[in-house]
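Two independent chains are provided; combine them into the complex using the hints.
Note that the protein sequences, when read in sequence, are chains A and B.
Numbered continuously in this note's numbering, the first sequence closes out at residue 153.
Numbered continuously in this note's numbering, the second sequence closes out at residue 428.
One should not assume that every hint holds.
Computed cross-link-like contacts, PhoX-like style, restricted to lysine-lysine with a CA-CA straight-line distance of at most 25 Å [claimed, not checked]:
no. : chain 1 : residue 1 : chain 2 : residue 2
1   : B       : Lys422    : A       : Lys14
2   : B       : Lys216    : B       : Lys194
3   : B       : Lys216    : B       : Lys190
4   : B       : Lys352    : A       : Lys86
5   : B       : Lys352    : A       : Lys130
6   : B       : Lys104    : B       : Lys119
7   : B       : Lys352    : A       : Lys53
8   : B       : Lys353    : A       : Lys48
Listing some non-contacts, in silico: residues in chain B with all C-beta distances to chain A over 10 Å [claimed, not checked]:
no. : residue
9   : Lys103
10  : Glu162
11  : Asp307
12  : Tyr327
13  : Glu348
14  : Gln356
15  : Thr409
A few chain B residues that don't get close to chain A, going by computed Cβ distances all over 10 Å [to be verified]:
no. : residue
16  : Tyr136
17  : Ile176
18  : Tyr310
Since the hints were derived computationally from the structure, they do not count as laboratory data.
Keep in mind it's a predicted model, so treat the numbers as computed, not measured.
The C-beta atom is built at its ideal place from N, Cα and C for all residues, glycine as well.
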Amino acid sequence: MGTNRRKFLNSLLSIGSLGALSAIIYPIISYLIPPKIAEVKVNSLKVGPVAEFKNNSSKIVKFGRTPVILIRTVDGNFKALEATCTHLDCLVQYKNDTQQILCACHNGIYDLQGRNVSGPPPKPLNEYVVSTIDGEIRITSQDERS
Amino acid sequence: MNKKYLYEICSILIIFSAISIFGVQSDATNNSSKYVDECIKCHMENEMMPEHFSQTDVHWQKGLSCAGCHGGLSNEPDEEKSMSKSNGFVGVPNKKEIPEFCGKCHSDISKMQLYQPRITTDQVSQYYVSKHGKQLKVGDLNVATCTDCHTTHEILPASDTRSTVYPINVPNTCNACHGDSKLMEKYNMKANQVEEYSQSVHGIALLKNLDVGAPACNDCHGNHGAIPPGVESISHVCGSCHVNNMNYFNNSVMAQPFSDNGINSCEQCHDYHLIEKPNDEMLNVHESSTCTDCHSSSDEGYLSSEFMYNKIKDLSFLYDSTKVISEEVHIMGMNNIEIEYSLKKIKQSLIQSRTIIHTFDTAQVFAKADEGILASTNALILADNEIEEYFNRRLGYGITTFIFILLAAALYWKIKGLKS
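The following block holds chain B by itself, in its conformation from the complex (with noise of 0.2 Å):
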């Protein structure tokens, strides 16, 4: 009876431990995911939350608690105790210290090794050399600094669609001060550089099309090392994409002349932030080109601008004449494997004759036209030969057919004779 007695207080002992150890193991998962310690706990009672706090914010997904930046003790439901200096608390940093409040962990690369094996941690040093951060360091505190851009209690990894520093959310977060015109004027900065960037060949691409591969503002500007592309820069701020045509300029016989003169190279005809989609009218001297703005009629450039701007509009009707006729011909029900090979050819040679129109030199730019304009030719009479075989075909079949009706006429009249 006792040994019973014993074997039933065991096994509620067992049972008790069981959920006991269970479910302070769950309150700790719990815990650990929702962190609801005793910053958040206090500050969540008395609806003292910073504005703007997001669940989803990178930090407290990580596990980072409130402690983590503003230090103090986080597991300690005294105030006084958690929230004193003595205990290492902080509390909210004024502007001027929020790149090393970040910088304490950023700038770590030990502590940011355990969260991505591969991270930057030089983002407060660069920082210091932007012009944000040279602002900043004289005591400016109307430039971004961290939580300008990435905000303070919401931040998301940029790879993160929600990010403020996602690509296509990029142009809008700079535009919160770079748009503002009174804090620009202080400045001596115009305040529609993104009004003009969204209008720009790139921001149609990144906005409207929402290609994350267009560049948004810190593309060319850099990101915590922001600052504008000097003169001698710019060419390899768009060089460091469009390779090609900053090459070909900068072998070119315009290179040296613009350096000396302190002509900002691409900007000087493509403009900076409000860029177009380059065009052939861009070459032409009689009506919209940009070498006239340096070129007048007498000079050699004016006459280089000329024949590059007829060559390739020669090669561009070309182009377009081949393709129709290719597309006829294959409606036509006929082979038009080889033009099409063909109009391959001519664009890519239209391609390359527009890019290398930057080496300004009308010899190469004619040679790399001709091929297309060859390639063209062989095209057209391809065509010619299968419009003119689907005629003899048709012909042919025509032929054929008025025989065969005149062959069964004539035999059906030859019966009609036998019987009568």
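The shape of chain A in the complex, shown without the other chains (with noise of 0.2 Å):
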């Protein structure tokens, strides 16, 4: 009876051993060959409250890796565009004057469609949808919504 618990808790105490050294050998081997994952994909963003943007103005976000022009028209609509010129990559800006998206780089000009209306810029602006919820912008990537 007294060997049969010796035995049962040198197995017991065995298995323990063996997973306690699967706990140290495993990040070891993670470490020296890692995993090939990849990097979290940003598909959704909360930029911030409504009344925070005027109208007729614009805000750059990040929205990951990718920089997003947040523009609030005259009538206060809102229109999301990645904020790389599709030239040399420059970041774009909003000309409150002429309601326009201007790369100053070259002189390239986007409607507010991002459509690329004048100057070097071979194709127009990525879009992004915005949503509103609770009275919270929220700005999500075309690939998410479809």
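Put into structure tokens, the structure is as follows:
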């Protein structure tokens, strides 16, 4: 009876030791051979309450690795577009006098739909979806929406 | 019996009528798509079709018959009648007549609107203000007319990639004459423009990278009103695309002296057909600066160039260094998002500084470059912090692992001691 109990305890201790050893060895192996985990992708971003944005103004926000320009138009609508110029990756800015988007590097101009209307930009700016949830602005990528 | 007979006759008649009606319609359709008119029929039978005739020709495709341009009657099989002057036959125009010949339709908005509502009809009037048009007017038959660029019977819209006037094909079309040294000699012109152009930043973009947004000959010289840009207009020609550079230059201290001395603004530093991709070395007064063409080591312009060169080189070096370190941080698995944002700012500052050079104002160039230098300093601090954090984590993990191993060994010896 006493031998059986000792055997059982020894087995329990062996299993426990093996578990503890695995807990030490696994992180070492993971450290030496890192797992291929893709970077967490940002799909949605809370920007702030609607009241913070005046009409005919803009703000550049960081949507993960992508800068996004959030524009509140003169009539109070919101528009979110990728803020990187499609010509040479400069940051674009909203011109509230002409109500257009300007890239100051080479005078590239986009309209409020993000369409390249003059200058060297070869294609339009990517668009993001803007929604208002409980009075707060939220920007979502087109991929996430579809 | 008679009734039955009558029904049969009626049925046959109806079937015949249907066949004949549809048959005629079908023939008509075929005729309208293939234009087998009497001109074509006869010229094909006698193997007298015009040289390079192609059924892809835009006029042919739109249903215009030979008579549409050459006059006469395309539905008249009798040669005497179809090609009679009394029936409007004009035959083959001589070279001097060609612009007006094409202009019969192309200068008539009511005719052209049928095909393209937004088409322009000023091609012929533009042509006559061009060098080609002016020379043709005084009887020079060596110059290009409509058909030299657009071909005669295989004309395609400019949007068609096979067209001689499709952007990528334009340099070769112009080169057919402008690359002919014997012909160009008569006008005291060089015949290597297209050769030079093809080595230029614009030529490489268009002809090698097939970027149809890059300018071809006509984008600088005009299409039908082609003229060489003069001293006054050259900056406007370049400035139609390079807007910032033109504005900076025109408001700079250099604009007036350039104008007073008859120096072509952009061309002086960038050349014209052989425009190389601009690089920072153009400011390097010690080696290959374009500034030293006019400035010597003792003057202000020389020093400005030297200062701007050093500043931009510093910023460029910082941009490259930050880019490398950002990549290192990323490979370490640390967060480099903020560093990437700073990199964008540095790049933007570098691009803008290079453009602001056209103000020739060192203060403006320095102010813009300093924005990039500041962004780079911040990015490098961020990168250092991330790298330090990486090594701290590594050290912490090493120490923890060591303690765990020590603990496991101690536990082992303790159990062994208890057993004995």
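Structure versus earlier hints - violations, ascending order: Structure breaks hints 2, 3, 13, 14, 15.
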